[in-house]
Amino acid sequence: MSTRTSGSLRTYLLTRLLLFIPNVLIILTIVFVLMRVAPGDPVSVARGGQLPPEQIAMLRRQAGYDRPLLVQYWEYLSGVVRLDFGRTITDSREVTQILVTNGGATLTLTLAALVVAVLIGVPLGLLAGRRRDTTLDGGVRVFGILTYAAPVFFVGLLLQLLFARTLGWLPSSSQATPIMQARVPTRTHIYLLDALLAGDTEAFFNGLQHLILPALTLGLLLSGVFLRIVRVNVVQTLRDDYVEAARARGVPERRVVIQHAFRNALVPFVTVLGLNVALLLGGAILTEQTFNWPGVGSQLVRYLQNRDYVAVQGIVTMFALAVVTISLIIDLVNAIIDPRVRY
Amino acid sequence: MATPTVPPPTLVVAPTTGRTRLRRVLRGIVRPLRESHGVARFMLVTGLAVTLLMVGLAAFAPVVAPYGFNQVADADGTRFGNHVPPGADHWFGTSVQGLDVFSRVVWGARTAVAVVLLALAFSLFIGVLLGIVAGFVGRWLDRALVLVMDALYALPALLLAIVVAFLLSEYVGGGVTTAALAITAVYVPQYFRVVRAATVSAKEQTYVEAARAMGAGPVTIMSRYLLGNVVHSVPVIATLNAADAILTLAGLGFLGYGIQPTEAAEWGYDLQRAISDAGAGIWWTGLFPGAAIVLLVLGLTLVGEGLNETTNPAIRVRRLLPVTIPRRLPEQDGEETR
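Chains as they are written, first to last, in our numbering: chain A, 2 to 344; chain B, 747 to 1084.
A hint or two may mislead.
If you want the footprint, here are the derived chain A segments under chain B, 3+ residues with CB under 8 angstroms [what the hints assert, rightly or not]:
#, region
1, 18-27
2, 96-103
3, 301-313
4, 321-333
Computed list of chain B residues with no C-beta within reach of chain A, every gap over 12 angstroms [what the hints assert, rightly or not]:
#, residue
5, A834
6, D888
7, S979
8, A1038
No wet-lab data here; the hints were simulated from the structure.
All residues carry an ideal CB built from backbone N, CA and C; glycine is no exception.
Let the sequences and hints guide you as you build the complete structure.
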């Protein structure tokens, strides 16, 4: 039995890893096709009217837009393999440089949002599932639907109105006050980490204050998702045979609920996390825009406005790769911790 | 895994009159409402009421809205004034450009409903068609389509919509159609998945074999025999997707894509403008369009969830249990509900 199990785990891991390659290839192809079905070429779209025609022609040649599409497609794919996403047209930056300078802010925001979502969603879900069909359960469910129904930027706006404007407790935009940002030397491009490395506690707490509202905004969106799954799982596990068996053995109700039901209800949590990576990143774009947060999403919006195809294509590629890779990692982790996943 | 028990449309019922077919369709629509109870019924009824209210606003926008969506002065040419707080003249106040917020909200409902209906029609058509064909034909076509759809599904919805809207705005312009097409791209994979899965299991049924034995071609089998039997889970997804589409549309508008401000009123765009108002303590430009989004999404979500709880057998069984037990064993009623 044990050899079969480990064999199936190995097969699962191998299949999942092998499927990753066509998966990425197709996503890249879709991104390429989407970006190139548009008429004209990226350089003329971005710089048309600003530069004389001969200069545009030169730029086009430099960027390789005068070559056949298939050649460009090959260049794009091999570029991605070398982690080279091209150079932006409007300000001639390496696209990977955008990830380096702005990725830290996005990472800070998404991780903080995850913490908020877990802190809000899991306890509420456990509580609602335990006290199923009570007023409390109803209230929690309504809260769950509301977090879904309210767009992140509306929640952000309300939080800004309440905490930044009316109460004046918290700042409502950017990562830190400009003075603090200038004071902290940039090393990792993650502001909070840089402040810690510099040993600047004042700058660190300033950064934390700035982080609260954006993280709460994005975290609330996800907390609804977590709450739902945890609630449903608790309801189901509480009805399972082994919970009944524990009760029959005379295990105190408190222990039944906490040790038997809650622990098993949290297992599918990892899967749900994997399914919502895309939601998290999409929400991050909107949150960054709402709070003037200098992350990758805000850069994407800026380049979209400048009609910079190369930058947009590069950032979209990075986002897509991030989603696929994180899903892969979560699937693998899941297969290792939960035997039922390996089919 | 609900295998359809509905008998296939046989050729004998060919002389069906329009009346009975209409009646059957109507009964199908009302059935979830009649069969629902408890929480599911509450959700269905509340959701329907809220949704109908918003759809009503959309339909009668010219009557309800006191001003046009881009009107900054009343009939005799007096300008409204910028950032006028809510009052008798302007129920929801005016915006930074001097637009009447109430009128914007009402016209915004019209835009949202129009875009979502269009997007729903497009994505249903494409998704169901591709799903049936892929599931029925199988082989390489099926595999290729599944791979592409899975890849599309993996992309963040908003990102996909942004890219499509960005490209379409180059040559279609920033109107209702552009926004609808951008949203279509997001939701096609979901219909495709569901319909394909249903087709794969339905095509092994005996009635399909019988149809084939009678000499029915693939197109006839797909359109007459399979279509009606594989779309049963579509209404739930369609309603939930409509709710999600409202959010995607607002997200697009918030980022400055989708519908251009000169074309129509759009809630997401209004919220984008309202972010800078928030710092000055002006709450009415953001609160009302935001509340409208929440209300419409909430209504549609409640309808979708209610439908799901009444039509999805996996959940329905659980819902029915507390009702059937007290009827058989009334004396254990107290214990069972504890």
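Consistency of the hints with the structure:
1. For the region 18-27 of chain A, the proposed coverage by chain B is satisfied: 3 residues have a C-beta within less than 8 angstroms of a C-beta in that chain, meeting the threshold of three.
2. Counting residues of the region 96-103 of chain A whose CB lies closer than 8 angstroms to any CB of chain B gives 0, so the stated coverage by that chain is violated, three being the minimum.
3. Counting residues of the region 301-313 of chain A whose CB falls under 8 angstroms from any CB of chain B gives 5; the rule of at least 3 is met.
4. Coverage of a stretch by a chain is defined here by at least three residues with a beta carbon nearer than 8 angstroms to that chain's beta carbons; for the region 321-333 of chain A and chain B the count is 4, and the condition holds.
5. Non-interface call for A834(B) relative to chain A: holds, since the shortest CB-CB distance, roughly 24 angstroms, exceeds 12 angstroms.
6. Every beta carbon of chain A lies more than 12 angstroms from that of D888(B), the smallest distance being close to 15 angstroms; the non-interface claim holds.
7. No beta-carbon of chain A comes within 12 angstroms of the beta-carbon of S979(B); the shortest separation is about 19 angstroms.
8. A1038(B), annotated as away from the interface, has a beta carbon of chain A within 12 angstroms; the closest lies near 10 angstroms.
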